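Based on the provided sequences and hints, a complete structural model is requested.
There are 6 protein chains.
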Amino acid sequence: MDLRDVKQGDLVLLGLPIDHNSSFMTGPAMGPQRMREALHCGAANLTSENGHDLGTDTRLKDLGDLHFQDTSTAIMFIEQKAEEIIATGAKLLSIGGDHSVSGPLIRAHSKRYPDLNILHFDAHSDLYDEMQGNRDSHACPFARAMETGRVKRLVQVGIRTLNKHQQEQAEKFGVEIIAMKDWHPDISFDFDGPLYLSIDLDVLDPAFAPGVSHHEPGGMSVRDLINTLHRLDADLIGADIVELNPHRDLVGMTAMVAAKLTKEVSAKFLSE
Amino acid sequence: MDLRDVKQGDLVLLGLPIDHNSSFMTGPAMGPQRMREALHCGAANLTSENGHDLGTDTRLKDLGDLHFQDTSTAIMFIEQKAEEIIATGAKLLSIGGDHSVSGPLIRAHSKRYPDLNILHFDAHSDLYDEMQGNRDSHACPFARAMETGRVKRLVQVGIRTLNKHQQEQAEKFGVEIIAMKDWHPDISFDFDGPLYLSIDLDVLDPAFAPGVSHHEPGGMSVRDLINTLHRLDADLIGADIVELNPHRDLVGMTAMVAAKLTKEVSAKFLSE
Amino acid sequence: MDLRDVKQGDLVLLGLPIDHNSSFMTGPAMGPQRMREALHCGAANLTSENGHDLGTDTRLKDLGDLHFQDTSTAIMFIEQKAEEIIATGAKLLSIGGDHSVSGPLIRAHSKRYPDLNILHFDAHSDLYDEMQGNRDSHACPFARAMETGRVKRLVQVGIRTLNKHQQEQAEKFGVEIIAMKDWHPDISFDFDGPLYLSIDLDVLDPAFAPGVSHHEPGGMSVRDLINTLHRLDADLIGADIVELNPHRDLVGMTAMVAAKLTKEVSAKFLSE
Amino acid sequence: MDLRDVKQGDLVLLGLPIDHNSSFMTGPAMGPQRMREALHCGAANLTSENGHDLGTDTRLKDLGDLHFQDTSTAIMFIEQKAEEIIATGAKLLSIGGDHSVSGPLIRAHSKRYPDLNILHFDAHSDLYDEMQGNRDSHACPFARAMETGRVKRLVQVGIRTLNKHQQEQAEKFGVEIIAMKDWHPDISFDFDGPLYLSIDLDVLDPAFAPGVSHHEPGGMSVRDLINTLHRLDADLIGADIVELNPHRDLVGMTAMVAAKLTKEVSAKFLSE
Amino acid sequence: MDLRDVKQGDLVLLGLPIDHNSSFMTGPAMGPQRMREALHCGAANLTSENGHDLGTDTRLKDLGDLHFQDTSTAIMFIEQKAEEIIATGAKLLSIGGDHSVSGPLIRAHSKRYPDLNILHFDAHSDLYDEMQGNRDSHACPFARAMETGRVKRLVQVGIRTLNKHQQEQAEKFGVEIIAMKDWHPDISFDFDGPLYLSIDLDVLDPAFAPGVSHHEPGGMSVRDLINTLHRLDADLIGADIVELNPHRDLVGMTAMVAAKLTKEVSAKFLSE
Amino acid sequence: MDLRDVKQGDLVLLGLPIDHNSSFMTGPAMGPQRMREALHCGAANLTSENGHDLGTDTRLKDLGDLHFQDTSTAIMFIEQKAEEIIATGAKLLSIGGDHSVSGPLIRAHSKRYPDLNILHFDAHSDLYDEMQGNRDSHACPFARAMETGRVKRLVQVGIRTLNKHQQEQAEKFGVEIIAMKDWHPDISFDFDGPLYLSIDLDVLDPAFAPGVSHHEPGGMSVRDLINTLHRLDADLIGADIVELNPHRDLVGMTAMVAAKLTKEVSAKFLSE
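Chains as they are written, first to last, in full-length UniProt numbering: chain A, 1 to 272; chain B, 1 to 272; chain C, 1 to 272; chain D, 1 to 272; chain E, 1 to 272; chain F, 1 to 272.
Hints may contain errors.
Which copy? The list can't say, so a pair holds if one copy fits it or any two copies do.
[Unchecked claim] Quick list of in silico lysine to any residue cross-link-like pairs, SDA-like style, CA-CA up to 20 Å:
id	residue 1	residue 2
1	LYS181	ARG135
2	LYS181	THR228
3	LYS81	GLY174
4	LYS164	ARG59
5	LYS164	PHE189
6	LYS164	GLU264
7	LYS164	GLU130
8	LYS181	SER271
9	LYS7	ALA43
10	LYS164	ASP53
11	LYS181	GLN167
12	LYS172	GLY193
13	LYS7	GLY149
14	LYS172	LEU3
It should be emphasised that the hints constitute simulated quantities derived from the structure, not laboratory data.
Treat the numbers as computed from the prediction; the structure is a model and nothing was measured.
The structure is reproduced here in structure tokens:
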């Protein structure tokens with residue numbers, strides 16, 4: 001299946017096997033493959049919790065993994081491919097890969113949706129101006145996103161490690177942060193206009209998602225995250241699910257969490 | 001200790017080391033042995049949370065594991081043994097094994113208690129008519145139970161993956177489903193008449209119970225399940241705790257969860 | 001860095017690599033080293049959730065690990081070293097090691113603060129008079145503490161396995177127990193006078209902290225514990241964080257939990 | 001890529017994701033996917049030890065995994081597909097799946113090569129007449145193979161658990177067994193006519209291949225097996241590599257062993 | 001089954017679930033149970049490599065695990081029970097537990113066989129006079145054995161960490177040490193008179209036996225050990241297999257090694 | 001302890017916590033800390049197999065870990081520090097870190113010892129001209145070393161994955177390669193002049209050293225490597241032990257292998 005099979009109203013699933021912009025631990029490049037393995041393994045089915053059967057919905061088009069020729073052009077290549085996909089009128093759900101992919105993905109979406117809202121679930125705000133000299137680091141994508149000037153609101157949820165530099169960045173860019181310590185399962189979100197959703201698996205407590213590069217204890221439960229997504233009433237126009245790191249996922253539990261979120265987010269796109 | 005030692009008012013603990021009806025992954029046949037190991041290991045004691053000391057309560061009779069001669073007759077054999085045990089006036093708490101054991105166990109109990117209520121904690125409704133041609137599959141026991149015509153109510157709690165076939169089965173049999181997405185820690189249950197309790201460990205989030213065959217993220221916490229059991233005010237007449245799979249239980253955490261539930265459920269039987 | 005560098009107003013971090021008083025499983029002697037590794041690894045930063053940067057606060061003095069010459073004098077040696085440290089006017093945050101360290105630590109603090117309150121998070125009440133003939137066992141420190149006669153209140157939170165002997169001990173010593181089954185995330189604590197804080201990592205559910213010697217399912221989440229600590233409004237004068245067992249911490253998740261708690265408790269000391 | 005792309009002189013790689021004939025533990029159905037992941041991951045390259053670069057040899061055709069509609073017809077389906085592939089003049093290297101695949105694979109090859117030799121590396125002789133009533137069990141394929149009457153010699157290497165029934169079967173079929181206890185790294189093999197090679201990963205000691213269903217200690221090292229394969233001078237006409245079980249392969253080591261053997265065996269086919 | 005069922009010519013299997021004399025890491029107390037689980041699990045059969053079927057040999061009597069009332073009398077209790085068993089004319093194969101059991105076991109045997117030879121496989125010589133003040137430590141049993149004055153020869157094989165104190169002890173007691181660096185797979189042993197065999201699983205390289213308390217790399221392979229046992233031509237009168245530590249045996253591999261050795265040693269006793 | 005404590009005849013132990021030049025998986029930056037933890041843990045002692053007690057030899061000076069300010073200057077910084085250390089007349093044993101450290105280490109040594117011999121144990125020849133655009137990659141250090149023109153002989157042992165580019169590099173630089181397939185435990189090495197030793201832990205089979213970034217099955221056993229080192233009769237003037245990756249070292253086995261090699265190599269330096 002390739003881009004020619006995609007049309008208006010479809011949801012494209014695209015794997016982004018990339019981790020060279022990770023600062024502490026590589027591994028997320030193996031993420032997309034393990035997410036697909038979990039999605040299709042015999043231990044579960046393809047029906048979401050609201051009863052939508054993704055196995056029979058022909059609008060879900062899995063284009064497989066993007067193949068990167070060269071790490072130096074990877075970020076640009078993601079942006080270009082994302083533009084091509086959304087130019088068809090389809091929507092895009094990318095599966096990571098590390099969080100560096102959100103920079104180019106949001107840039108691509110912001111061109112089509114200039115008043116973009118972003119809802120970002122993460123333990124970290126990823127607002128660094130640069131990390132170890134790398135402005136494409138997985139610690140920087142939301143600084144890059146905000147610099148486009150085309151993001152109306154960036155709401156970050158689940159944050160629990162914000163140092164001084166990132167606090168300053170958040171203020172500079174007008175980011176709305178709902179820290180994990182202030183979060184409550186009943187919080188709901190209200191957005192005016194198109195919404196891009198970015199889920200870093202480490203927004204979950206490591207108990208629920210050990211297979212991530214940065215263990216930051218004190219996070220959400222899977223239930224809380226899914227319920228929040230179910231309650232979300234917004235014009236969802238794009239999404240990514242990132243930072244699955246199979247090296248720490250000894251019995252495949254986190255891959256299954258990522259696959260479950262992929263199902264629930266896909267159903268969110270396709271049920272509306 | 002054997003059946004001759006059992007009398008009216010006792011609680012019989014019986015291991016069912018069986019997993020040939022499992023559809024995705026074997027392993028639960030090793031469950032009963034690991035649950036006993038955890039129950040008696042030096043890392044914990046035998047007092048339940050309500051202060052009942054199972055170590056000194058002589059009514060708790062552990063008959064060990066049922067020995068199966070032949071997989072083809074195993075389901076029938078469980079039913080027959082369960083009937084023999086409850087014929088003594090004792091109650092039965094079986095430890096699995098996979099969920100296929102609940103079919104024969106409920107059949108046996110429903111003969112003695114024709115207006116049986118069932119409270120079933122699980123990620124899956126296990127209502128398949130058949131799975132891979134096997135009507136005794138661990139995906140089917142509650143279809144089998146309902147077909148007896150002797151079950152008054154079947155209440156399923158924690159369900160989070162219900163495909164179309166199972167929805168139809170649930171409607172056909174009048175099953176009451178409290179999906180995990182609708183569940184709340186304060187829910188309580190009210191039953192009129194005898195109650196059979198079936199706990200599939202995968203009702204818990206895989207974070208709490210990684211040692212199960214089917215990881216279905218978004219489940220209950222152990223605390224929530226125990227509190228719900230503590231609040232349960234009903235005429236408990238039989239129970240099973242199933243689907244411990246030691247192959248995924250790298251440091252024995254799930255065996256300890258199963259042992260803890262065994263203690264709390266036993267105390268529930270014996271404190272009343 | 002050594003004791004000569006410590007002065008009034010400082011917070012001393014001291015490792016206690018000891019586990020010969022553990023009854024079921026050794027391992028906590030390796031705990032302090034792994035906690036420091038997690039604290040300083042590149043996967044996180046040193047800013048607490050309330051924004052306090054421990055990396056730049058020169059009042060935090062890490063004295064490294066206490067070196068024990070002899071197991072038979074270790075308990076006495078801890079008491080003596082703790083007295084020396086608090087004699088400087090600094091406060092002490094010890095990282096374990098098993099829970100046997102709390103006996104001598106509380107004795108040392110109770111001499112300086114004769115009306116001591118203790119807030120103790122744990123799955124177990126650790127009130128045994130003796131365990132396997134050992135009165136310094138990690139099952140006994142709070143019996144030892146109460147016998148000083150200098151503890152005003154001992155409040156135990158998260159307890160979920162209390163046998164008859166320990167119930168009797170709790171009554172004898174007037175211990176206030178908030179069992180896990182009765183606990184609620186919104187509970188807050190009010191203490192009059194100096195407070196010593198003792199955190200056994202097994203107060204957390206094993207899902208969140210698999211790296212402990214005694215898996216007692218049904219515990220708190222990391223979030224619940226951190227939020228409780230944040231809400232705590234008291235005159236904190238000393239603390240310990242104990243029972244990290246690296247043998248069961250396959251991917252280092254529990255070491256990171258212990259490091260996170262170290263950061264949050266340190267910030268609690270230093271922000272006030 | 002499909003069968004139409006295959007021609008005389010090619011080597012076809014075919015995955016057989018099947019494990020319903022496994023007697024003790026399922027899991028090998030996930031094997032082919034993990035072997036490919038290991039084969040193509042960035043931790044290694046595609047050059048064999050004799051310097052053959054499989055990445056640039058266009059004769060190697062990976063047809064992906066066979067898709068089974070129904071477990072009851074799976075064995076027959078494998079035989080039929082194998083016949084279709086070898087009818088093109090290509091050779092076939094299948095990757096498992098459990099060992100039940102060797103029955104139909106050898107039947108297919110024996111029709112084209114009626115004087116077939118088989119070299120079989122395994123901890124077990126897999127000569128059971130039936131296992132738990134299943135004649136297609138992974139414990140039976142070499143009984144099935146011998147019953148074709150078209151196998152000239154069956155040489156089994158590495159066997160270390162032969163009970164009375166299997167000894168009788170071995171005598172009945174004239175199987176040549178080189179038990180592990182009698183094996184020596186310098187043993188070499190001489191075959192007259194076409195040779196089919198079947199490698200069960202459990203011929204290796206579990207130290208080298210923990211990711212198999214049956215741990216039988218006392219096996220070969222990977223080095224010994226590879227050196228034996230390098231020395232093998234025979235007319236290799238087909239091969240399978242089976243019994244990778246990812247459930248026990250916590251850090252992917254066994255998948256890498258299977259991938260390495262796939263490279264070495266492929267080079268054996270293509271270098272001659 | 002108990003002592004009354006044992007008679008002349010039998011081989012008694014006895015579990016010794018004890019580890020309080022371990023110096024670095026507890027865990028071996030769980031060893032006997034896991035060894036039995038592995039011995040009887042469906043992944044293997046009960047036929048030894050020389051074709052002896054232990055499942056049908058009624059002379060093999062498993063007396064289960066010794067139950068210790070009190071750690072302070074455990075060593076004495078083992079000695080007494082061993083004497084009772086060998087007084088029947090049966091032979092004894094004990095499964096550990098840590099190596100502290102060999103002290104009392106050898107004392108018991110040396111009373112009946114005053115010119116005892118001992119063949120001891122281990123990474124360590126276990127000749128400490130005392131360890132952390134404990135003369136019953138698992139680091140001391142062979143000092144204790146030699147002090148009986150009834151041991152004719154003690155041959156230690158596989159040693160690879162001998163400090164000065166232990167070298168002096170070895171000289172003092174006339175111990176014959178075959179260090180691992182000098183060992184060769186073809187070495188064979190010749191004993192005149194009765195032989196007691198003691199196998200510490202850590203004689204194996206940790207690759208083969210990760211489930212031990214002391215990882216000492218550079219050890220034997222399982223194959224080498226089994227072949228050496230097969231070649232051993234001696235009057236075997238007692239044996240122990242010790243130091244299985246399930247805490248480090250994540251997928252049960254070492255339990256299977258211990259079970260395999262139990263089978264091979266049992267067959268050695270019963271085939272002669 | 002610092003450089004001022006080092007003098008002629010000493011052996012300096014220096015940790016190099018660096019992995020940003022790793023191509024597939026990060027992790028080795030945590031290596032030095034885990035090697036020290038293993039070296040000093042209570043499970044072993046500090047006496048080498050030839051009886052040299054490193055614990056009492058004051059010539060062994062552990063300078064701790066080098067602290068890198070900046071990844072871009074790290075390689076240069078290592079070279080400079082190594083020069084400073086060997087300028088004292090002490091010898092240097094570095095513990096990694098990934099293999100990129102060998103480039104600057106060998107450059108530093110080759111200035112003092114212009115006719116340097118190198119003995120290099122590895123699964124890979126690490127002769128890439130560049131990897132992903134990085135000439136300091138851990139895949140390149142021996143290309144960098146040879147380009148100094150001051151290396152007389154480079155002997156690589158254990159190689160088992162040599163692609164075309166690396167074969168060409170080997171020929172260009174006159175590297176002597178003893179591939180693993182041609183290796184035999186009795187091989188010994190003869191060098192004329194000073195010898196630098198570089199041990200990449202992946203020369204070992206992953207069974208013995210799972211904690212490395214690149215699993216390349218078919219390697220040496222620990223015993224074989226140690227015996228080879230023991231037999232080595234050469235003027236050893238420097239050494240490194242690299243590529244320990246704790247992320248894959250679930251029970252610490254590989255850290256213990258690295259610690260054991262550190263002991264044996266240190267004794268080699270200090271016994272001569």
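Evaluated hints:
1. LYS181 - ARG135: neither (29 Å within a copy, 40 Å between copies)
2. LYS181 - THR228: both (16 Å within a copy, 10 Å between copies)
3. LYS81 - GLY174: Neither way: LYS81 and GLY174 sit 29 Å apart in one copy and 45 Å across, limit 20 Å.
4. LYS164 - ARG59: between (45 Å within a copy, 19 Å between copies)
5. LYS164 - PHE189: neither (27 Å within a copy, 31 Å between copies)
6. LYS164 - GLU264: Intra 35 Å, inter 16 Å, cutoff 20 Å: inter-copy only.
7. LYS164 - GLU130: Intra 14 Å, inter 38 Å, cutoff 20 Å: intra-copy only.
8. LYS181 - SER271: between (32 Å within a copy, 17 Å between copies)
9. LYS7 - ALA43: For LYS7 and ALA43, the Cα distance exceeds 20 Å both inside one copy (31 Å) and across copies (37 Å).
10. LYS164 - ASP53: between (45 Å within a copy, 8 Å between copies)
11. LYS181 - GLN167: within (16 Å within a copy, 34 Å between copies)
12. LYS172 - GLY193: Close neither inside one copy (23 Å) nor across copies (42 Å); limit 20 Å.
13. LYS7 - GLY149: neither (29 Å within a copy, 50 Å between copies)
14. LYS172 - LEU3: Intra 38 Å, inter 43 Å, cutoff 20 Å: neither.
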